[in-house]
Amino acid sequence: MKHRHPTNWRGYVFVAPATIYLAVFALVPMLLAGWMSLHRWHLLKDDHPFVGVANYLTLARDPFFRNTIGNTLLYAACAVPLGVLTSLAVALLVARQLRGVGLFRTLFYIPAVSSQVALSMVWIWILLPGEQGLINFCLDRLNAWLGTGIPTDTNFLGRPGWAMAALVAMSLWVGLGPRMVIFLAGLHAIPEPLYEAAALDGCNARQRFWYITLPQLAPTTLFVVVTTTIAAFQLFTPVYMMTKGGPRRTTDVVLYHIFNEAWQKFEVGMASAQSYVLFAIILLAAAFQFWIMRRGLREEAVQ
Amino acid sequence: MRVIAVVSLVSAVVLLAILSRATRGRAASPPQIVLRVANWGSPAVESSFMTLEREIRGEFERQHSGVRVQFEQIPGFGQYAPKLLMMHVSGSVPDVVALDASSAAVFINNGVVCDLAPFIARDPEFHLADYFEKVVQIFRRDERVYSIPLDFTPMMLFFNRKLFDAAGVPYPQRGWTWNDFLHTAQMLTTPPDQPGAAPRQYGMHFMNVMPFWVLWLWTNGGDVLDTEGRRATGHFDGPRSVEAVQFLTDLMLKYHVAPTIDEGKAAGVDLFRAGRAAMDVKGHWMMIDYRADGLEFGVVELPTNTGRPSTVIYAAGLSIMSKAQHPDLAWEYIKFMTSRDVQIRRVASGLAISSNRQAAARYAGTPVEDAFIAAVEYARAPWGATVERYPVVEGLGEEMMEDLLRSRAALGVAVELHHAAELIDAALTEP
Amino acid sequence: MKRALLTSVQYLLLAAIAVTTITPFIWMFFTSLHPPNAQIPTMATLFRPAGWHFENFTYVLTFAELPVWRFAVNSFVVTTGVVLFQLTLCALAAFAFARLHFRGRDTLFFVFLLTMVIPAQVLIVPLFTLVQRMGLLDTYAGLIIPYPYLSTAFGTFLLRQYFIGIPRALDDAARLDGCGDWRILWHVILPSSKPALATLAAFAFIWTWCDFYWPLLATSSTTMRTLEVGLSVFSDAYGGTRWPLQMAAAVIVLVPVLAVFLVMQRFFIRGAVVSGLKG
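Residue numbers (this note's numbering), protein chains in the order written: chain A, 1 to 303; chain B, 1001 to 1431; chain C, 2001 to 2279.
Derived from the structure by calculation, the hints contain no laboratory data. By construction, the Cβ of each residue, glycine as well, lies at the ideal position given by its N, Cα and C atoms. One thing to keep in mind: the hints can contain errors.
[What the hints assert, rightly or not] Some, not all, of what chain C presents toward chain B, calculated at C-beta under 10 Å: (1) T2007; (2) Y2011; (3) A2015; (4) A2016; (5) V2019; (6) E2055; (7) T2058; (8) L2061; (9) T2062; (10) E2065; (11) L2114; (12) F2128; (13) Q2132; (14) T2222; (15) R2242.
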């Protein structure tokens, strides 16, 4: 029931700063991006002719942009499932422990709050070829221990497929903490009586996991998947610091491509068009994931 | 209590902001004027040349009391131009900037640097004729002069006199052809000790650096782009260019007179410097290293397949940013740095040829130096001086060359060049 | 018996992951103490450098052309500025949405929530152009005010939820004492909202301190760079050389934010969880 209150004009005063702020710095740029994308707009040139959808048409034909979209989707397709699964697995591990949960939680969270620039610099070291790079060093020790002959001079950041793999690995390492924490909260929110009832019914651990834990975690999982996907589309700093678009443009992801377009080539009109395309992709991806998970939930409910 | 904490925190922040703003890249209160001079390079690198430059700047400060020269180096490979342009966009720019001919186009075409013609006209002490016209021309558009060149180098072919003598091969002469070159290279390549191993000595050293190998297209009458500098298809993949690239790859893959990429990497050293390759295409600056290594070298124009020689001039100049705070003082600085006496000191190490004729004449007289200066006659400006996205073109060209040299390109030179030309077109198209 | 074995295996796994997480930081810290011109240390030589060079830190902090201390000051000013500014905006608006009644309130709140949908990347290009036109590039104002990553709407949402949970009895008591809306906010609501405010402040601090993209574009003079960007310029300047110095700079960048995180982690983690479950 709605109570009718007299309008308190002070409400407008209090809300004004934030509203003006959002209008100027969120809504206006949003519309300005659309406006700019319809022009040929170069930051250094004064002439900004209107070109309609020409930018978008060019993008559709542009081999470089297609490559960019492909890279971004590939990255998301690898980083999201792997990221979600690994953090879920770790959360399950941690949830059982009574001791040291806080310590692990803090430890795993540290990469997520650290300077991405500093982390990228360290990861360059991790990926170096030869015994100086951590990965190759470990491979070398593994070779000594197991007698295998795995090559230890792979320059991960310099080889087309490996560079992308390295970026995916880094995203797993960084994102583990926050995702795990959210899964932990979701796990703790599952009511104990559910498990007890299932145990009474004779369910074993695996069945309890599949039929109680997972379905109960569905909303949390959806949230993690969506946020991880959005984060995957925002990949920038490691590319800028480590690969600059990668060997042969294999790590040229959308945000880096936009950066290049806007602030190396200074074509902000085209960059705005690319931003809108990115926006559309993110919305589609999020909507798609929602739809899939909702369908999955509904089917579960029916069962 | 809390209020006090919050208030002091806020005032600390505000205080810091004010203090920091006061020292932000602007001129401090008079009488000191800060002249900002920017160059590429890293502030972390120390060399005798840097020390020399610092002394020279000190002299300028002594001649202009009340002026402090703030020298800023902008690091990052390929980042000099974008970072400088961002400064221009933000409105806070250095006064004097060094311009590299290979990336000058974007500055010149968009009015980022001033037209210096009015400065020249107003100044009775300065004479543009004092400088090599060809080099000045690189930074000129009709009557507008955008940069006063500091120094330059044409690209020439270096040869190792000792290796030639040992093989009994006569030194290359002006007017020599590609056939002469191939023949010479073959005579200077010694076979390997064991079959299948790398030759002990190569006739020619090759690096996949497009600023160096584009010259082979030119000496065959081919080119990367059309005369306007807009399209690559039809030119980069034209018959003359294909022939040139084929010739280059054959040097490595068919005639084995030059090291393959892997052989070069395995050697780990500059083979020409190490005396294991008899010829190389390089610029003036390498002579510092060659002399330090005790290499006896000669210099000759590149071999040509058209009957006429061709090469490129790579140059650096000094310009005034259009948003500079102290343009007149900047002009004084440029005059000073390009003057004969300062130039004589600057290029004493042999880093490049001074663009100031009289200063260059001071070092002329040796066959090597004269060969360089003679090249100015027929040399061309680099594409980067007129085409805004040329660095991208070079990146794509080098990728293609690497594919060809690694025999990854099963389809052959013509097809690869065509593919690269299409990518270049896509990269050059506005926007 | 089987249970104990299982538990130890789990602990081992977790310990292994913990080691993987920590190793890069340990390497970073130890490398920063190596002699400046040393080669990149391998795991074997990491703990045995030729002398412990703590002066790397002072060198990096006072390096004339790339003054890291200056970057730190900039980061501090910008981050504090952003935190205070955003907290103010959000608190004012959240109070209005939670406690005050005015026409269009709920519609406006819905519009606020809608803006959360816009990803920051879409805004950056036009925002840059906008800020350039305002003449605010390369200034503190340009860094602090248009901060695209902190969804003001999100902060408002967070605070509003919390404010709603504060019992109105407190408000009413204050009103009886003659307090107007402003004093209620300042003396009643805010003091009771310390956890939410701390959460928001923690989020904002860490996000802003670690932000790279916007400061990269909004600053061009060396003296205006923040720590993140300054560190990348530092890395550019040294290239593949002098890793100990680069790592010293990296450590300097990491320490403040890690300190804040360790102190505020309760709030930070709880905030992440709250937003997760609500979402």
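Under 10 Å is the threshold here; is the Cβ of T2058/C close enough to any Cβ of chain B for the hint to stand?
violated (16 Å)
Report holds or violated for the interface hint on A2015/C, using the least CB-CB distance to chain B and a cut-off of 10 Å. Result: violated, 40 Å to nearest chain B Cβ.
**Evaluation of the interface hint that places A2016/C against chain B, nearest CB under 10 Å** = This interface hint is violated because 37 Å lies over the 10 Å limit.
Holds or violated: is there a CB of chain B closer than 10 Å to the CB of T2062/C?
-> Constraint on T2062/C not satisfied, violated at 13 Å.
Supplied contact hint for L2114/C, tested at 10 Å Cβ to chain B | Not OK, violated: L2114/C not within 10 Å of chain B, min 31 Å.
Q) Does the interface hint hold: is E2055/C within less than 10 Å of chain B, judged Cβ to Cβ? A) With a minimum Cβ separation of about 16 Å from chain B (threshold 10 Å), the hint on E2055/C is violated.
- Query: Taking the least C-beta to C-beta distance, is L2061/C closer than 10 Å to chain B?
  - Reply: violated (15 Å)
*asked:* Take the shortest C-beta to C-beta distance between V2019/C and chain B; is it under 10 Å?
replied: violated (33 Å)
Would the stated hint for Y2011/C survive a check requiring a Cβ distance to chain B of less than 10 Å? With a closest approach of 43 Å, the Y2011/C hint is violated.
- Item | Restraint outcome when F2128/C is required to lie within 10 Å of chain B by C-beta distance | holds (9 Å)
- Item | Cut-off 10 Å, beta-carbon criterion: hint that T2222/C touches chain B | Hint on T2222/C: holds, closest Cβ of chain B at ~7 Å, below 10 Å.
**Prompt:** Can E2065/C be said to touch chain B, with a Cβ gap under 10 Å?
**Reply:** The hint holds - E2065/C has a Cβ within 10 Å of chain B, the shortest such distance being about 4 Å.
Against the hints set out earlier in the document, violations occur for numbers 1, 2, 3, 4, 5, 6, 7, 8, 9 and 11.
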